[in-house]
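Based on the hints, put chain B in the right spot on chain A.
Number of protein chains: 2
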Amino acid sequence: MRTEKKLEELGQVMVNEIKKGDGPTFETTLRTRSNTIYDEAVGCLRTGDKKETRKFLSVAQARTFMQTVAIAAKTKQFLTEDLHTSIRGLFYQLKFTLGEDLDEDLFTEQTESNQLIEDLEVALKIKREDLNLTTDRKGFVAGAMAIRDKFGGEETTIDLAKQGRSGWSIPSDVDNGMEITSLDADYVLVVEKDALWQRLNEDKFWKKENCLLVTPKGQSTRGTRRLLRKLADKKLPVYCLMDCDAWGWYIYWTIKTGSMNLAYLGRDFAVPESRFLGVTMSDIKEFPFLEKLTIKAKDVDVKRAEEMMGYPWINRHKDWVRELKLVLKTKKKLEQDALQGERLTFVGEYIRKKIDNKEWLN
Amino acid sequence: MRTEKKLEELGQVMVNEIKKGDGPTFETTLRTRSNTIYDEAVGCLRTGDKKETRKFLSVAQARTFMQTVAIAAKTKQFLTEDLHTSIRGLFYQLKFTLGEDLDEDLFTEQTESNQLIEDLEVALKIKREDLNLTTDRKGFVAGAMAIRDKFGGEETTIDLAKQGRSGWSIPSDVDNGMEITSLDADYVLVVEKDALWQRLNEDKFWKKENCLLVTPKGQSTRGTRRLLRKLADKKLPVYCLMDCDAWGWYIYWTIKTGSMNLAYLGRDFAVPESRFLGVTMSDIKEFPFLEKLTIKAKDVDVKRAEEMMGYPWINRHKDWVRELKLVLKTKKKLEQDALQGERLTFVGEYIRKKIDNKEWLN
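Residue numbers (the working numbering), protein chains in the order written: chain A, 2 to 363; chain B, 2 to 363.
These are computed hints drawn from the structure, not numbers from a lab. Note that beta-carbon positions come from the ideal geometry of N, C-alpha and C, so glycine has one too. Take every hint as true, because none was put in to throw you off.
No farther apart than 16 angstroms at their CA atoms in a straight line, the calculated lysine to aspartate or glutamate pairs in the EDC-like style are these:
1) A/209 with B/155
2) B/208 with A/156
3) A/126 with A/53
4) B/330 with B/292
5) A/205 with B/155
6) B/163 with A/160
7) B/151 with B/176
8) A/163 with B/160
9) A/231 with A/269
To give a feel for the contact side, a few chain A residues facing chain B, derived at Cβ under 10 angstroms:
10) 85
11) 163
12) 290
A few chain A positions that, by computed beta-carbon distances, are all more than 12 angstroms from chain B:
13) 15
14) 25
15) 26
16) 29
17) 48
18) 49
19) 58
20) 74
21) 283
22) 311
In isolation and in its complexed conformation, chain A is listed as follows (with noise of 0.2 angstroms):
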C-alpha cells in the first residue's frame, strides 16, 4: 500500500473513534529494549510483537499524541506536494502552525522528535524517507554500476564508473524514485574511511577487481545501510574493511545485523550475509611490518570489546571471540590506515588475498 494511503487510513481510524463517541487512539509497536530481539532466522535485531497504544484522551498521553498526528499531516501534504525536507524542516512547518505548544529541545533530532517519526514508521510499516523526509548522508561508491535517479520533475542516469576522484553521494533515500539500471559487480567492498576509499579509488582497485568500492564515511547512514541491503540483494558478497577497534567492531556490526536503537528497522537495513575483512590483530602473524604500527588501545576499545563478547549474536561466532580475546590480551589496537606503512598500494594487495584465501570473520 502506498503511504499516503497509509496516513489516509491512520486518520480515517481515528476519524470513526471520535464518530463513535470514544476518544481517537494510536496503536505502535514497542521500541523498548526488551521488546528488542535478535532474530536467528534472520540474523539481525528487530523489534518484537508488543504492542502500545496512545490515547488523545489521557492527560500524559495527549501532547504527544496531537504531535504524532500533527507530523502524519505534515508528511502527508510533503507527499502530495512532492516535496522533501529535513526532520528541522518538518520541526519548523510544525512550529509555524503550532506556535507556542512546540517546545524546541523536543524536536533536535538527536531526541525526542525521532522518537515520534519512529512511532509512524513502526505503525505503518514504512520509511521515513517513505514520508518525503531527508536524513544525513555520508557514504560514496564508485564502480560499475548506473543509477537512474527521478528528483525534481527530472531525470537522469548516472554512471557510477565515471565519477572520477569524488565517486558518488549516496543519498538520503536509495528506493523512492531511484533504481539501479545497470550493474556489473562480482562483489561489495565497503571500508570504514574516506581516506582508505580515495585510495583504493585511485589505484582503480574496483575496476581491476570488477566490484563496487563503498565507504560509509564512519558510521553508515540509513541511506548506506539501506543500498548494502539492495546489493546484497542481488545476490553481492559484501565485503567490510574497518579498524581494529571499538568504533570499527560497531561499524561493521551495524551493517550486519543493525543497531540496537534503529532494530525497528530490521532486514530492511541490514546485511547479515556481510563479512569482515580485517583488519584483525591476527594480521601481524601474516605482515609482520604491522607489529609496530599497532597502537595503545583505548579504555573504550577494552569495555566495548568485553561488552561484544556478552552478545550472544557475536559470541557464537568463534573466530570473533579470538580477535576480541586478543585485543584483550595485547591492548593494542590496528587502524586499517596502517596498511599503507609500509607502501600505499598495499591495501589493495591485501584485500585480495583476503578475498580469495577466505580468510575473513563472519
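Then chain B, alone, in the frame of chain A:
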C-alpha cells in the same frame, strides 16, 4: 616552480649546509597570533613577515626538525610515485620508517601533525594538497558547470547539471589534475546546510536562477574554500545563506576572510568578495511569520556576537554591527531552516528577493 623541485631544493640547501660543516636549518614563517594580520587591501587574514629558523643541532628542536625533514622526504616520494594519501596514511609511513621515535599523539590530525605540515606549506609556499596529501571533504555543488578530472591515470568529465539528488562532491584537491571546462552561471549561492541544499536542488533553483548551488555542509573544508576562490576569480558573485547564530557567522567569515588558525593560507583560500544574504534578525520585519520561528540564543551565540564586534574587519561594516546588536538585544537567533516554516518552497523566493534588492551584508 613545481612542488617536487621545491622539495628538492629544500634538501639541497640542507646538504650544502652539512657539507660546509654547519648544522642544517629550516626557515619558515611564524604562524603565531602576533604574526597574523588582517590585510586590509585584500580583505583577508594572512601571516605577516616574521620568520623563524629551526636548527637540527638544537636539543629542543632536533626531534621536530627530523620529523619535518621526514615529512618532506615522504611527500616527495608520494609525488614521484604519483600516489595520494591522508595525513593518517603519512603518519603510518613515518611510523614504519622511524618506528618507536614517532609518538602517536604527535600525529593525530587535530594536533601537532598539522603544525609540521603547515611548516612545509608556508616555507615552500605550497598547499598540502600539492604534497599529494588528501584532506577531509564535505561540500557539494549542482549547476551548469563541467569538471575535467584527471585521477588515478584516467580522465573523466563530470557534468554538474546531471548529478540528480546527490550533486557533485567537492574533493580534497580542486587544483591538481582538475579543471573547470565549462561554466554557465550568473552567481554562486552557498547554503550552510546540506538539508537546505537538497531542498533547493529539488526545486531546481540553480537551473531556474542560472546559478551554482554550493553547500559546505557546515564549516567549509579546504577544498570548498579553494573552489569558491576559483569561482570568484571567474568574476562570479558569491552569496552566502547561513544561520543567524555563532556557527553560521563563523562559517561565513571563514569563507570571506579565512580563519585565524588557517590564516597562513591567505587569499588562496578566502573570498573577500562574498556577501551575506541572510538569515538575519532584521528579516522578521519583512517576513513577520519568522517572528514565532526564532529560538532562544545560546550563550555561545551571545559571546560570539560580542567578540565579533571587537574584530576590526567586522566592526567596520555598519550593517554587521547593526545585526549583531539586534541579536544581543533580543537574545534570539534564527536558523535558515526556519524559512521553510510557512511553505517549503519559500527559501528560493527569499533568496531571489534578497539578491534582486541587493539586501545583503558585506
